[in-house]
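Asks: Given next are the chains, with one letter for each unit.
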Amino acid sequence: MALVTKENAGLRLVTRYAVLTLVALVFAFPLVFMIISSLKPDQQLLQDTSSLRAFLPVGDISLDNYRAAFDRAPIGRFMLNSIFVTIVTVSMSVAICSLAAFAFVYMKWSGRDAALSIVLATLIIPFETIAVPLLLMVSRLPWIGVEGVEWGWLNTYRVQIVPWIVDALTVFLFVQYFKDLPRELIEAARAEGASWFQVYRRVVMPLSGPVLATAVILKSLKMYNEQYLWPLIVVQDEAHRPIMVGLGYFFQLNVAWGELMAYLTLISVPVLVFYLILQRAFIASIASTGVKG
Amino acid sequence: MATVRLSDVRKSFGSVETIKGVDIEIGDGEFVVFVGPSGCGKSTLLRMIAGLEDITSGTVEIDGQVVNDIEPKDRGIAMVFQTYAIFPHMTVRENVAFGLTIKGAPKEEKERRVAEAARILQMEHLLDRRPSELSGGQRQRVAIGRAIVRDPKVFLFDEPLSNLDAALRMDMRMEIGKLHQSLKASMIYVTHDQVEAMTLADRIVVLKDGKVMQAGPPMDLYHEPANLFVAGFLGAPSMNFIPVNVDGVDGDHVTISSPSVDRMTVRGRGREFTVGQTATLGVRPQYIRAAAGTDGMLHGHVELTERLGSETVVDVALPTGGKIIAALPEDRILAHGSEASFEFDPSQAHLFPEVER
Chain A
1 MALVTKENAG LRLVTRYAVL TLVALVFAFP LVFMIISSLK PDQQLLQDTS SLRAFLPVGD
61 ISLDNYRAAF DRAPIGRFML NSIFVTIVTV SMSVAICSLA AFAFVYMKWS GRDAALSIVL
121 ATLIIPFETI AVPLLLMVSR LPWIGVEGVE WGWLNTYRVQ IVPWIVDALT VFLFVQYFKD
181 LPRELIEAAR AEGASWFQVY RRVVMPLSGP VLATAVILKS LKMYNEQYLW PLIVVQDEAH
241 RPIMVGLGYF FQLNVAWGEL MAYLTLISVP VLVFYLILQR AFIASIASTG VKG
Chain B
1001 MATVRLSDVR KSFGSVETIK GVDIEIGDGE FVVFVGPSGC GKSTLLRMIA GLEDITSGTV
1061 EIDGQVVNDI EPKDRGIAMV FQTYAIFPHM TVRENVAFGL TIKGAPKEEK ERRVAEAARI
1121 LQMEHLLDRR PSELSGGQRQ RVAIGRAIVR DPKVFLFDEP LSNLDAALRM DMRMEIGKLH
1181 QSLKASMIYV THDQVEAMTL ADRIVVLKDG KVMQAGPPMD LYHEPANLFV AGFLGAPSMN
1241 FIPVNVDGVD GDHVTISSPS VDRMTVRGRG REFTVGQTAT LGVRPQYIRA AAGTDGMLHG
1301 HVELTERLGS ETVVDVALPT GGKIIAALPE DRILAHGSEA SFEFDPSQAH LFPEVER
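So the sequences go chain by chain: A and B.
FYI, the working numbering numbers position 29 of the first sequence as 29, with every residue one higher than the one before it.
FYI, the working numbering numbers position 41 of the second sequence as 1041, with every residue one higher than the one before it.
Keep in mind that the hints were calculated from the coordinates and are not lab data.
Take the hints with a grain of salt, since some may be wrong.
Derived SDA-like pairs (lysine to any residue); straight-line CA-CA distance at most 20 Å [what the hints assert, rightly or not]:
| hint | chain 1 | residue 1 | chain 2 | residue 2 |
| --- | --- | --- | --- | --- |
| 1 | B | Lys1103 | A | Trp196 |
| 2 | A | Lys179 | B | His1089 |
| 3 | A | Lys222 | A | Ser50 |
Make a model of the complete structure from these sequences and hints.
Replies: Quick look at the structure:
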């Protein structure tokens, strides 16, 4: 075995940084290309694609594509719709899924194990198989609002939120985490006079920061980035359309490439901001769950 | 303060019965220790009193009220766990006040009672620290403080000192003893450490395989063990057991003999023996003395000598293949392999009709 000297330790460090920089560039190139292209007119954009200029903010740089994109479609509205649906769904999801997991892990009730198995079994059912029955269901559901009883949930926010609140993966994440919390803490709280809900609120949830971060990250990315098929079939009006369905709609308008890049840059901003805020928790969640966001 | 009564309490996990009909009565202000080897059901029994385990059959009464179906929070108990179970996200003050916070006690009352508990346990300077900044002993103090402030009817301790090192364990043991004297509360304490049991208990309950082997004051159990198990479990080093033959029975006097022990008469202590049966003679190591020359009743070869200063513990191999331990009350050098002779007062020996394993 070779001796680790200062010299070859330094060499290793240089090699490591070189490889990491290369990998970082490979991942950063599409993003840089998208942002730079969104600032160029189509003619220059197409000319530059054959050279490194495609990654440099040179030539005729302006925000014209953004102006045009905003004129052509209500992008702001789409984005707010997506952010609203994501925030409400994720908040309700972590609250309800953690409560369900709490009942599965700590409380004793008949049929508990069978119920958990059924919930977890839904992990293997692809959404596409239940999309049509779910569509039929939501199209006939009642809703009691300020204007009395309405029938059918199509073209609403709730149709994009309610079916996505509870999912087996989030329940599973909480179940696994709760199982690893020291049981004595829960028993101590019970012996100290806490009700089940007080145990949940005062002991279990304050200790669940890591799993909360994981659940919020995974669910948020799913709700913002991957919601396409369901809103496509249940939302036809622009007022409730989310950003990803809006992208398909925008693409059909025969827009310039630069405008498309501007749209894509805009919809990436919330995700990038979200990532920068939760960067540490994000990496930890992927490392701990082995689940890719 | 309160009484606790367990009547024919049983617990099964599936088809396995772990508690097999236990009857215990704990008096007001009494300190009762459940002791027994691992898996004897002592912790399960404590958890059943706390309400953390369901009771399969029988009844548990606290202060005259059957609590089988009553939630832990409504039983008026406070429990201290082996792993301390203090909440890592709260300060010591918040931990100690947890039960009062849950109850919605006024702020002034909380502060007063937390300060009082902190004074009793000498941890005033720790109140604003987090559990991660505390040592094991300090954490256990916090756990006990959390139990004290609620002024419970019954204190339950589940092996509270097992995670502490030997020196700290002795200090905390004394503190728990003092705490019982000052609070005069009913306390049930689970341990597998017989020293804790002997020093703390008003009454010891020895358990084995989910059954009560014997219950009574520590010295009663030490001097008059009801069976071979209790005799072997209490006392350190353990009681010596020597297989003997019963040669004669005259009322409560039983004459015995064995290749290892000279023929002698011992008290039967009310137990039934028949001539010709094999029995077990029990002699505590502390009652064995070195005899001059070969005048003793027990003869063997010295296998090991442990000199502890105030006493000498000698392992002696008997000619029949068995082994006994003598705890001699003086510093003594006995050469390895040398022949030695020992004696004891037959009135201090115990005779059991059972044969060890």
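Asks: Evaluate each hint against the coordinates.
Replies: Status of the hints after comparison with the structure:
1. Using a Cα cut-off of 20 Å, the hinted pair B/Lys1103 and A/Trp196 holds, with the two alpha carbons roughly 14 Å apart.
2. Using a Cα cut-off of 20 Å, the hinted pair A/Lys179 and B/His1089 holds, with the two alpha carbons roughly 18 Å apart.
3. Distance hint between A/Lys222 and A/Ser50 is unfulfilled; the C-alpha atoms sit about 34 Å from each other, more than 20 Å.
In summary, the one numbered hint that this structure violates is 3.
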